[in-house]
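2 protein chains.
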Amino acid sequence: MEYTQQLEFHFDRIDKEAIPYLSVDCIIFGFHENQLKVLLVRWKNTEEWSLPGGFIHKTESVDDSAQRVLEERTGLRNIFLRQFQTFGASVRYDTADTWKRLNLPIDHFRWTNRTISIGYYALVDFSRVNPTPDFMTEACQWWDVDMVPPLLFDHNDIIDSALKTLRIQLNWQPIGYNLLPEKFTMPELQKLYETILGRTLDPRNFQKKILGLEILDRLKERRRGGAHRSPYLYSFNKEQYEAALQEGSLMFL
Amino acid sequence: MEYTQQLEFHFDRIDKEAIPYLSVDCIIFGFHENQLKVLLVRWKNTEEWSLPGGFIHKTESVDDSAQRVLEERTGLRNIFLRQFQTFGASVRYDTADTWKRLNLPIDHFRWTNRTISIGYYALVDFSRVNPTPDFMTEACQWWDVDMVPPLLFDHNDIIDSALKTLRIQLNWQPIGYNLLPEKFTMPELQKLYETILGRTLDPRNFQKKILGLEILDRLKERRRGGAHRSPYLYSFNKEQYEAALQEGSLMFL
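Protein chains in written order, with the working numbering: chain A, 1 to 253; chain B, 1 to 253.
Just chain A, with the same shape it has in the complex (with noise of 0.2 Å):
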């Protein structure tokens, strides 16, 4: 089918099985070689990035359409997704420029004159994820947190309003867990924190909190092919992250 019927028949699906004036946004947060990464799509015949995101189906609940979105993304289900912030303003950015840069083939004016989206930011393995462009997207791809583009719609403030989140919740949110692989060493789980945090940390000091919080298992296995030391490689101890996440004992601001 060509690109404009698919579109066609995308917009009529939408008007009759979708809830008008709503969608969900997905920020999807990696971490790979200590950089903090964040999960972009790249327009069709166009240079425009964005967040992933859709329309919410009449019969399905709205954490479930962020699910689906997730996980026709990243190919992954059951992933670490949280609703954090529902943006409404009336105006949230500039319609018709938004269009221009879409260069969509049909007018899909209709549907997007107000459009109030339920934001949600999902925390994955980046080794596990097969970025997955959909119909209207020809690419998807992490993104350095801090080298994000100008996005379309309102999307770079809602990068910022999910990171500022991820900040807050630090302390009683299992962050760490779902970000990092199994095993890691103590550098890359500060480095962690220092990106979330925005400033840095005095190593001897976050390795002596973060070990008297006693929520970690330092395993027998190092890191090996390393160009100086080998490294100890540490793993969440799943039960008592769980618990000091309960009792809310993780503060570290």
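Each statement offered as a hint is correct.
The calculated BS3-like cross-link candidates involving lysine-lysine, where the alpha carbons are at most 27 Å apart (straight line), are:
{"hint": "1", "chain 1": "B", "residue 1": "K164", "chain 2": "A", "residue 2": "K164"}
{"hint": "2", "chain 1": "A", "residue 1": "K208", "chain 2": "B", "residue 2": "K209"}
{"hint": "3", "chain 1": "B", "residue 1": "K16", "chain 2": "A", "residue 2": "K16"}
{"hint": "4", "chain 1": "A", "residue 1": "K238", "chain 2": "B", "residue 2": "K164"}
{"hint": "5", "chain 1": "B", "residue 1": "K209", "chain 2": "B", "residue 2": "K191"}
{"hint": "6", "chain 1": "B", "residue 1": "K209", "chain 2": "A", "residue 2": "K209"}
{"hint": "7", "chain 1": "A", "residue 1": "K209", "chain 2": "B", "residue 2": "K208"}
{"hint": "8", "chain 1": "B", "residue 1": "K58", "chain 2": "A", "residue 2": "K16"}
To be clear, the hints were calculated from the coordinates, so they are not data collected in a lab.
What you are looking at is a predicted structure, and each value in this text was computed from that prediction instead of being measured.
Got chain A sorted already, so can you dock chain B onto it with the hints?
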């Protein structure tokens, strides 16, 4: 105008002016006589209570619609108001049973087959509120949060979520500042923290900790007319309180 006519007029306007499938619900908290309280409305011709809520006009921001509901119910403007969660389950409550309990003289069903509700909590100075029912309700009243009756819709769950949010946000939102009158005693402040956290705190420890934060001014004035001693009065030092919130240094948990 007769009630049935009023309702028809009202729902006709909603059909034209409001965003379908969406609503806002407001959890308005106050603190009085050492009790955390929540403002509820009783629906006309029933003994059924719910949170105050409303619809979102097509040209209105979601925040503004919550402010509007608050102002209509309390007479107050510029209230401390925070969006905290969007309730988007595909089936939030038993619709048929709910409409039976609501006992409305016209069929409101087309509007409420499914509603996604954006929840806001508000913190108000109890003494300044003038609870005001609207034309669909005949009472607007404060309830102790631990005495709330079985509410319409899923509003008991929404209150629980709001309380959980307060508990978490006690450390980085000006919750005490907004719930207490300008001058208060140390036991009153402690009681507020205890009520929100849902557990008792040691008075000596509490006083030491909270004074250590340097966010309170002790006034020369004392509370007069008490049965026993005349306790000191305190007020928040707004500047230092804001600075502490920014730093995230109000950790109490």
